[in-house]
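*Asks:* Given chain A's structure and the hints, the job is docking chain B onto it.
So the sequence lines, in the order shown, correspond to chains A and B. Going from the first sequence to the numbering used here is simple: count from 1 and add 489. Going from the second sequence to the numbering used here is simple: count from 1 and add 1.
Since the hints were made in silico from the structure, they are not lab data. Be aware that a few hints might be false.
Distance condition first, Cα-Cα at most 20 Å in a straight line; then the derived SDA-like pairs of lysine to any residue [as the list claims (entries may be wrong)]:
#1 Lys10/B / Gly530/A
#2 Lys587/A / Ile52/B
#3 Lys525/A / Arg110/B
#4 Lys587/A / Gly59/B
#5 Lys587/A / Lys84/B
#6 Lys58/B / Lys525/A
#7 Lys587/A / Ala62/B
#8 Lys548/A / Gln42/B
#9 Lys58/B / Ala557/A
#10 Lys587/A / Gln51/B
#11 Lys540/A / Lys10/B
#12 Lys587/A / Tyr104/B
#13 Lys587/A / Gly99/B
#14 Lys540/A / Gly99/B
#15 Lys540/A / Asp101/B
#16 Lys525/A / Asp101/B
#17 Lys587/A / Glu63/B
#18 Lys525/A / Gln42/B
#19 Lys540/A / Pro528/A
#20 Lys587/A / Lys58/B
#21 Lys545/A / Thr102/B
#22 Lys559/A / Gln498/A
#23 Lys559/A / Thr100/B
#24 Lys58/B / Gly530/A
#25 Lys10/B / Pro528/A
#26 Lys587/A / Thr100/B
#27 Lys545/A / Asp101/B
#28 Lys587/A / Gly490/A
#29 Lys525/A / Gly4/B
#30 Lys587/A / Lys10/B
#31 Lys71/B / Arg14/B
#32 Lys587/A / Gln42/B
#33 Lys525/A / Ala62/B
#34 Lys58/B / Gly490/A
#35 Lys525/A / Pro40/B
#36 Lys58/B / Gly586/A
#37 Lys587/A / Arg69/B
#38 Lys587/A / Pro76/B
#39 Lys587/A / Ile96/B
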Amino acid sequence: GQQVMQIPQYQHVQEGEDFTTYCNSSTTLSNIQWYKQRPGGHPVFLIQLVKSGEVKKQKRLTFQFGEAKKNSSLHITATQTTDVGTYFCTFYSGNTGKLIFGQGTTLQVKP
Amino acid sequence: DGGITQSPKYLFRKEGQNVTLSCEQNLNHDAMYWYRQDPGQGLRLIYYSQIVNDFQKGDIAEGYSVSREKKESFPLTVTSAQKNPTAFYLCASSIVAGTDTQYFGPGTRLTVL
Numbered sequence: 490g491q492q493v494m495q496i497p498q499y500q501h502v503q504e505g506e507d508f509t510t511y512c513n514s515s516t517t518l519s520n521i522q523w524y525k526q527r528p529g530g531h532p533v534f535l536i537q538l539v540k541s542g543e544v545k546k547q548k549r550l551t552f553q554f555g556e557a558k559k560n561s562s563l564h565i566t567a568t569q570t571t572d573v574g575t576y577f578c579t580f581y582s583g584n585t586g587k588l589i590f591g592q593g594t595t596l597q598v599k600p
Numbered sequence: 002d003g004g005i006t007q008s009p010k011y012l013f014r015k016e017g018q019n020v021t022l023s024c025e026q027n028l029n030h031d032a033m034y035w036y037r038q039d040p041g042q043g044l045r046l047i048y049y050s051q052i053v054n055d056f057q058k059g060d061i062a063e064g065y066s067v068s069r070e071k072k073e074s075f076p077l078t079v080t081s082a083q084k085n086p087t088a089f090y091l092c093a094s095s096i097v098a099g100t101d102t103q104y105f106g107p108g109t110r111l112t113v114l
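Isolated chain A, as found in the complex (with noise of 0.2 Å):
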């Protein structure tokens, strides 16, 4: 079935530096989500992106979304401590409700 793949699947950086983790599937999706779920604990929604090409900020953290809607990237400039955590990119599969998630990125930031 659909699935995607998450790189790098861990990265330690110092603070300060950057953090790009990158999705990738082998067929076109027709959405992205981000979330990011702290140590111990759940996963929380970061975004949802829909559009071929989009781009979108919060803060710190920049998502893109594929020309081909085929993978997806979120960075972190400038990384802090209160970044580290697991990220996972997820999307719903065609029409079945199920949201597919990847197996997540895990961000150590050192002070």
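*Replies:* Just chain B, lined up with the frame of chain A:
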């Protein structure tokens, strides 16, 4: 105070026992979901319900059962048939299934001894 509640936060059971995890929401959402998360893994869908009195199997339904008798409640039973039940279980809801943001509860960490 609106949201999704799951109880208990931590649960310990002996092997061979069935256990039921609670999930309640007061968001008036039609759709509810159960996911399982293993260390270092993404979320895998166990069961979901698009409307009251209806539910569908997700990707890993074997060894689990659910009911949706009320809109606000979607309990999950982990049966003794589930081979590796120790995991973090997350319940979520959305206004409708298929397009909306999912809101997650705090999760229940189940350990089977």
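*Asks:* Going through the numbered hints above, which ones does this structure break? Give me the numbers in ascending order.
*Replies:* 5, 6, 8, 9, 11, 19, 24, 30, 31 and 33
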